[in-house]
Amino acid sequence: MAVAVRQQVQDAARVVLSARGLTKVYRMGEVDVHALRGVDFSLSEGEFVVLLGASGSGKSTLLNIIGGLDVPTQGQVHYLDHDLAHASERELTRYRREHVGFVFQFYNLIPSLTARENVALVTDIAVSPMRPEQALELVGLGGRLDHFPSQLSGGEQQRVALARAIAKRPSLLLCDEPTGALDAKTGRVVLEVIARINQELGTTTAVITHNAPIAQMADRVVTLADGRVATERHNARKRAPSELEW
Amino acid sequence: MVRAIDRKLLRDLSLLKGQVATIALVVAAGITAYVSTFSIYRSLSTSQQAYYERARFADVFARLERAPNAVMEQVATLPGVAQAEAREVETVLLDMPTLAEPVVGQIVSIPGRGLPLLNQLHLRAGRMVEPGRSNEVVVNEAFFEAHGLELGDRILALVNGRRVALRVVGVALSPEFVYAVPPGGFWDDNLRFGIFWMDRDVLAAAFRMEGAFNDVIIRLAPGANPEAVVDALDRVLKPYGGLGAYPRDKQISDRYVTSEIQQLKGNATVVPVIFLGVAAFLVNVVLSRLIGTQREQIAALKALGYSDVTVGAHYLKLVMVVVGLGAVGGVAMGVWAGRALMGLYTEVFRFPLLTFRLDLGTVVGSILFSAGSAVVGALAAVRQVVRLPPAEAMRPLAPPTYRPSLLERSGFHRLFSQGGRMVLRDLERRPVRLLLSSLGIGLAVAILIVGSFSIDAVRYLMDVQYGQVQREALSLTFSRSVPDRVRRELEHIPGVLHTEPLRMVPVRLVAGPRNYETAIQGLPAGGEHRQVLDAERRPVALAGEGLMLGRELARRLGVGVGDALRVEVQEGGRPVREARVVYLVDDLIGLSAYMEIGALDRLMGDDRTITGATLSVDRARMDEIYARIKELPLVAGVGRTDLFKQQFEKQVAEVMVVFTFVLAVFAAAIAVGVVYNNARIALAVRARDLASLRVLGFTRREISLILLSEIAVSLLLALPMGLVLGKVFAIGVASVAVDSELFRLPPIIEPSTYAFAVLVVLAAGVVSALLVRRRLDHLDLIGVLKTRE
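Chains A and B, in that order, give the protein sequences.
Per our numbering, the first sequence runs over residues 4 to 249.
Per our numbering, the second sequence runs over residues 87 to 875.
Extracted from the complex, chain A is given alone in its bound form (with noise of 0.2 Å):
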């Protein structure tokens, strides 16, 4: 019972992003590669979304275009008012630089930088951030603040790039194979704090992953394969991270 009514909650809840019929065509020397092929797609506030896919599903195309680093060849995007599919070059940065948190498979974390710094480089630029030391704290690393990435194990680089991700507030969480270097432990450590800011700060979120357990952990699946939305599921009941096994 007490999940249906969460359900309907959230079915009620406010779609952010809504994408329609979004296609992708990279030239690739010769030949055309289409990467999306009509996929239809839309996030609601504070939802947290798997995306499953093997490699060459469209799934990163898709994520790129939602987080603002690529435009679709054809079909709508629009984030709120923002209307992403025909968005200028300077208008997506500034999506990206007021909306949208960022965590990829290799953190790209500045090397010359320690972890606060990391943060303190998107909080520097960001409209109403948290302080640097409270993001930290928050996933964890409060005891590591002044560590330069090279004095980090993989495990906390990528909880540092979760820091730097949520410390301007943002509105979307976009993961791009967030634990695909890590082991499953570390991995572990890192989709919880995932799952805690979805459900503290409320933050929509969007995981990518090829790594179908994970998909456990979410309110919704979305399956893409060729291309194209393969299936989408709602769970049931959602497991905490440290339940999953892979």
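Keep in mind that the hints were calculated from the coordinates and are not lab data.
Please note that the accuracy of each hint is not assured.
To list a few chain B residues with every Cβ distance to chain A over 10 Å, as calculated [claimed, not checked]:
1. A298
2. G398
3. L493
4. F564
5. A597
6. L779
A partial selection of chain A residues facing chain B, derived with a Cβ cut-off under 7 Å [claimed, not checked]:
7. L72
8. T96
9. R100
10. N111
11. P114
12. E120
13. S153
Built from N, CA and C at the ideal position, the CB exists for glycine as well.
Model the placement of chain B on the given structure of chain A, informed by the hints.
Frame of chain A; chain B shown alone:
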């Protein structure tokens, strides 16, 4: 059939084309400088030697008042003398229709029959004079051209008080006047100084020198010591008013030509070394970066069975292509620049045959040297990869280790944004590279300063000489010593406002074993025209009996204030006197001694004698004054201060434009080479970081700022380095490149020269930074996130 590994070479080259081009440009600049200056040095030096040999240029020279021809027998039999020739040399004033002012002519006798034994003429047009035909002359080519003369033209000369029309029958060159400096001048002046060769009998008749001579030239026997011959000759000529013999290296034309050749040789070595050093550094920087990014490829090649040597050779080939491009461009530009420069030299130095010959040895040498320096630059980088076991090389490089920079640790932490910290920490991690980059750019600044400084220094020298030391409008040199009252005649010329006496006494100054031949200038105390200056260029009062000695002359004689000198007068009764040094003068031109004119009279034991006068005049009446002076038989020479300056300004302006332009191009090549390559590497190293920042929402402008501030730091560090280096080089050049006996260049550098150097280099830096900046717009945001570095 191109091997696969060579295909890779071609692709790498096309990938790096911007960097390849800029490094090749620096190499080309070095080779251009070397090939052009060294080839000119060789051409001039061989032309000089060949010409001297062919024309039988004398080894020893002597002037005297008058000696009977019989004395020549004594001269010819002196030990060490192979050939001796007596001549008559006279200085006359000419009245050229194109010029208001009098022109100085030097008439040199040639035998009526047969060729001169020594200093043979090279006829360029017309014919030699015919014996017995009075008033035929052969004229030097430079003067002939400067006045647009034609064969058969007549030139009016004041010969011993009479106006004589000299008829031009031939045009010639002489090894004695390759560079013709008028008496009392510092540079050639082909408009106001001409040389005329005349039949000896005719000349002797005109100057009442029959059966006598007043000039001797000598060719030495092989192995003879010139100094010994000079001394012996002096002894022989002393009773005949010998004015001091001197060896060839003190002959004024040879002196200028040889010192120019020496300077070229200096330039031909120093400048290219700077360029090729910078090129070696750039090759090293670019190659180590390239090899850094190709670690895994190298490992794969080695795993596939390519040997260390093959892999190493692969990268060296890349370097060779860069050097090869630079060499082809450099040799081509070197030939072009060499020809252009040679054109300037043929105007200035009159050799019968002066052509630019590209010296093959020079070309090969310069290419080998640049290849060598580039290989040295590349070796360290190549060795670093070749040493790696393939398995290790295949693993990506460990993340670089950083720490807070010194500036932050010293408590300035808060001053820097995150971007600022990134820049600082990177620079601090590679201090040597930063330093070398800045040094490279600094050298570009220094090259520009050194190139332009001599113009500043010479201009300063002219300002001092004609603004303070010689302030008269005209200076007259008389053909003999006369009583001071002659000046009154000059003062009666309408337009002459004021005159001052001038007495020049040729002397040999002797201090122990050292001696030097010069003239003592007798100047009036409290005079308005000529002044003696101290180190701060303030006038010094002329008083007392002592000798005021130029500082450089005192150094050469090894004397100081208070020391006594023996003064051997080189004219008249040749008295020997003693004088005490009372002051050291910081003069810039020549090696002179000065005395108050009354004291000089007393030293010489006569009263109020002058050998010349200085005049202030009403400039509006200059033509009238000239007309009167031309009629004075006493006047042997006229110097016009403002013309010296004008002529100099014109010469400098011409040379300056060419020289400054070439140097600016060279310096810009270095600046672009260093800045562009460093920026490209900074971009390669930072691409991932910068792309990450773009993803996080940084604008293009914000990430450009991070990249460009790195370039800015190296530029800012380079500028003071360059200014200091430029000053140091200038001091070095001033002390080495100039013959300090002729003049001394003060290391004066005008602020405008500094500013020009800085602006050229900054402009080059900004342009190359902008080229790299454009690449930031095409950062692959998505690709960079998907790959591990």
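Here is what the structure says about each hint:
1. A298: 90 Å, holds
2. G398: The claim stands: G398(B) keeps its Cβ more than 10 Å from every Cβ of chain A (closest is about 30 Å).
3. L493: 14 Å, holds
4. F564: The claim stands: F564(B) keeps its Cβ more than 10 Å from every Cβ of chain A (closest is about 80 Å).
5. A597: 68 Å, holds
6. L779: At about 7 Å from chain A, L779(B) fails to clear the 10 Å cut-off, so the statement is violated.
7. L72: 5 Å, holds
8. T96: 5 Å, holds
9. R100: OK, holds: R100(A) within 7 Å of chain B, min 3 Å.
10. N111: At 4 Å from the nearest chain B Cβ, N111(A) passes the 7 Å test, so the hint holds.
11. P114: 5 Å, holds
12. E120: The hint holds - E120(A) has a Cβ within 7 Å of chain B, the shortest such distance being about 5 Å.
13. S153: At about 5 Å, which falls below the 7 Å cut-off, the nearest Cβ of chain B leaves the hint on S153(A) intact, so it holds.
In this structure, only the earlier hint numbered 6 is contradicted, and the remaining ones agree with it.
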